[in-house]
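My request is simple: use the sequences and hints to build the entire structure.
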Amino acid sequence: MSDELFKKIRESSEEDAREAYDLMRKNSIKSMVLAIMTRNLSHGLGSHIAKTPKK
Amino acid sequence: MLKKVQEVRAMAHGLVAKKGNKNFNNAFDLLKNFPFDFSTERGMSQRQIAFLNLKLDGCGCLGRIAQAGAMVEKKFPDAKLMFGEVLEDFFCNLLLDVLKKEPTQPDSFFNELLMYEEPHSILLINGKQFEPLSVPYQMDVIHPKIAVLPFWEAVTASMMISKAWLENNPHRKIVILAEAENVCPGMIAVKENLASCLLLLNRKQYSIKLAEEILVVRPTARLMYFLFILTEDEKYIKMIEEKYSSRVVNLLKEEVIENERRTLQED
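Sequences listed follow chains F and V, in order.
Going by my numbering, the first sequence runs without a break in its numbering and finishes at 55.
Going by my numbering, the second sequence runs without a break in its numbering and finishes at 322.
There may be inaccurate statements among the hints.
Said to hold, decoys possible - One-sided excerpt, in silico: chain V residues whose CB lies under 8 Å from chain F:
{"id": "1", "residue": "F93"}
{"id": "2", "residue": "N108"}
{"id": "3", "residue": "L179"}
{"id": "4", "residue": "E315"}
None of these hints come from the bench; they were simulated from the model.
Given the structure is predicted, the values throughout are model-derived calculations rather than measurements.
We put the beta carbon where it would ideally sit given N, CA and C, even for glycine.
What follows is the structure, given as structure tokens:
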């Protein structure tokens, strides 16, 4: 994985970015799923809920 | 060393030994007046939260319910205490209702919505829900769907999830999560973590099967995106777009990219 690939994902045309993202997925699927799905019990209260009328 | 259920219970009791000198008529009044700390949890990294959970620190949701459970046992020993694993979150539903009425929202709104889908737990006292966040929210919160689990076993398994999170060795991660499943069978948060860790051992099909089973019980945007990464099936992206917004897809994608970039820098 290189800085160039991240730059391509973020800054290039839609098609090129998609191609770069697919390459990242192919090379780094394990770390990607770990990042997205290994989660601790954690849950606070945010500012948007405070602005929402109570039911 | 993994802590045993009785050790976890003793640890929580130790943390509240000097708290709660006032007397109350019932457990709910006791907990509504308990000095919970809600100040620092927001914006913390998963790593920071893992350390909080292992200490049962009252700044985190796990520490709050463990300490609350210990207080109830201390003051109301006859109360029947259970652990409620939140499968459908009250706050998440509230923001989804807002989103239906006002579809244009800032990223902070969607990040908050994703936060309410994180694994979360509450107490059940004599069958009635107590959500510690009811205190700052200033209203009794009842989550629409929860799984009822044995209290200290579920607290122990939740600590094991954090222990597994901090572990780098994939085999060791799986061993810890398998032990968590053994201590508290059926806990969805354990299965969610297991689904991703199984991929580390190249068990992709098993990982997908487990995630699809969880999707029926606790359908979250994170799980849908996880399934998209694994299967490349666009139906999961459509599910996120329909239930939430395409912004949520972008936020999850950005989170994954940022994590990869950070990992590269650390290497």
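Going through the hints against the structure:
no., hint, result
1, F93, "7 Å, holds"
2, N108, "6 Å, holds"
3, L179, "16 Å, violated"
4, E315, "6 Å, holds"
Checked against the numbered hints above, the structure violates only hint 3.
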